[in-house]
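With the hints as your guide, set chain B onto chain A.
What follows is the residue order along each chain.
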Amino acid sequence: MFVVNFWATWCRPCVAELPYFRQAEEKYKDQPLVFLYISLDFPSEMENRILPFLQAKEMNERVYVLDEPKANLFIDRVSPEWSGSIPATLYYRPGEGAVEFHEGDYTFEALDTQIRLLLENP
Amino acid sequence: MIYSVLLLSFFFAYQHAHAQDDNIVGKAAPDFSLKNVDGNMVSMSDFDNDNGIILIFTCNHCPYSKLYEDRIMELDAEFSPEGYPVVAINPNDPVQYPEDSYESMIERANEKGYTFPYLIDETQEVAKAYHASRTPHVYLLKNDGEGHFTVAYVGAIDDSPKEVSDETVKYVDVAIRSLIANEAFANTYTKAIGCGIKWKQ
Numbered sequence: 001m002f003v004v005n006f007w008a009t010w011c012r013p014c015v016a017e018l019p020y021f022r023q024a025e026e027k028y029k030d031q032p033l034v035f036l037y038i039s040l041d042f043p044s045e046m047e048n049r050i051l052p053f054l055q056a057k058e059m060n061e062r063v064y065v066l067d068e069p070k071a072n073l074f075i076d077r078v079s080p081e082w083s084g085s086i087p088a089t090l091y092y093r094p095g096e097g098a099v100e101f102h103e104g105d106y107t108f109e110a111l112d113t114q115i116r117l118l119l120e121n122p
Numbered sequence: 001m002i003y004s005v006l007l008l009s010f011f012f013a014y015q016h017a018h019a020q021d022d023n024i025v026g027k028a029a030p031d032f033s034l035k036n037v038d039g040n041m042v043s044m045s046d047f048d049n050d051n052g053i054i055l056i057f058t059c060n061h062c063p064y065s066k067l068y069e070d071r072i073m074e075l076d077a078e079f080s081p082e083g084y085p086v087v088a089i090n091p092n093d094p095v096q097y098p099e100d101s102y103e104s105m106i107e108r109a110n111e112k113g114y115t116f117p118y119l120i121d122e123t124q125e126v127a128k129a130y131h132a133s134r135t136p137h138v139y140l141l142k143n144d145g146e147g148h149f150t151v152a153y154v155g156a157i158d159d160s161p162k163e164v165s166d167e168t169v170k171y172v173d174v175a176i177r178s179l180i181a182n183e184a185f186a187n188t189y190t191k192a193i194g195c196g197i198k199w200k201q
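Protein sequence lines, in the order shown, are assigned to chains A and B. The first sequence maps to residues 1 to 122 in this note's numbering. The second sequence maps to residues 1 to 201 in this note's numbering.
Next up, chain A with everything else stripped away, as it sits in the complex (with noise of 0.2 Å):
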């Protein structure tokens, strides 16, 4: 299952919430899942801002920036629910699709709640 984790070095509650992305991934380690992060930064921020963000937190996870400004064109195809605010997360089970989508940010407990309940249900 890929975790997929929406949000921007500007968006303070992505930064707030990375941490506990970063601790379930940790934990759930020995668990079928791939934790994405897709940056809304736009590309051009690459070396000014984007890559010394990551090098600050060390962030060696796959880190993706995506690159689309029309932004109306894709965020239906992440999910229809999603009104494009960030953060916002996505489950997905390549073959099954998208399982669950979360706007807003996590908790810990409410991030490892949602994963272990998705991991128990497959």
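Fair warning: there could be bad hints in the mix.
[To be verified] Calculated pairs, DSBU-like style, for lysine-lysine (alpha carbon to alpha carbon, straight line, at most 35 Å):
#1 B:Lys200 - A:Lys27
#2 A:Lys70 - B:Lys170
#3 B:Lys66 - B:Lys128
[To be verified] Sample of chain A residues facing chain B (criterion: CB under 8 Å; computed from the structure):
#4 Pro69
#5 Lys70
#6 Ala71
#7 Asn72
#8 Ile86
#9 Gly104
Read the hints as simulated data drawn from the structure, not as lab findings. Fair warning: this is a prediction, and the values are worked out from it, not measured in the lab. Heads up, the beta-carbon is just placed ideally off N, CA and C, and yes, glycines get one too.
Just chain B now, with coordinates in the frame of chain A:
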């Protein structure tokens, strides 16, 4: 470090978009009566003699609101003379975000010379009534007469937050021009990336 610039179009399963809470296009616009930065109350009825209202949920702190700030001012400059003034509403909780406090709103409006009302939604009831979810979030209202306003468009100002080019689709501009010409228009509902509204805890 693993990172790359990637268009993840292969990744997402396509799903048909179904109705969302904020898709109140065609419905009666919820009323409002909120405090402006000049201390006066501003209500929907104040616009009974206008053709409509460009209602925009926005704030001081959100980087996307900042990107759109000049464009919001331009919308008012261009369309207020045509009977479609901007009314900006800050829906955020100032306790969590002091940069979005009433005092900060006054400062910003004065500093930038806002020509439109910048209202504080203290109870967040107006934001909830409109099912607003992010900043900026636009609701174009049309005056049907006799104090009745209908929602004509919901969504983004245009399709390009970073910068405006010749290819930019200006959703609100097109919508207003269509309303003025009494013509239908295709994009009545759009979505955009933005900061989530900061709801009170």
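Structure-based check of all given hints:
1. Between Lys200 of chain B and Lys27 of chain A the alpha-carbon distance is near 31 Å, which keeps this suggested pair within the 35 Å criterion.
2. For the proposed pair Lys70 of chain A and Lys170 of chain B, the alpha carbon gap of about 12 Å is at most 35 Å, so the pair holds.
3. Only pairs whose Cα atoms come within 35 Å are accepted, and Lys66 of chain B paired with Lys128 of chain B is accepted, the gap being roughly 23 Å.
4. The beta carbon of Pro69 of chain A comes within 6 Å of a beta carbon in chain B, closer than 8 Å, and the hint placing it at the interface holds.
5. Annotation: Lys70 of chain A was flagged as interfacial toward chain B, and the flag holds, the nearest CB pair being 5 Å apart, inside 8 Å.
6. A least Cβ separation of about 5 Å between Ala71 of chain A and chain B falls short of the 8 Å threshold, and the interface hint therefore holds.
7. Hint status for Asn72 of chain A relative to chain B: holds, with the closest Cβ pair at about 5 Å, below 8 Å.
8. The restraint placing Ile86 of chain A at the interface with chain B holds, with a minimum CB-CB distance near 7 Å, inside the 8 Å limit.
9. A least Cβ separation of about 6 Å between Gly104 of chain A and chain B falls short of the 8 Å threshold, and the interface hint therefore holds.
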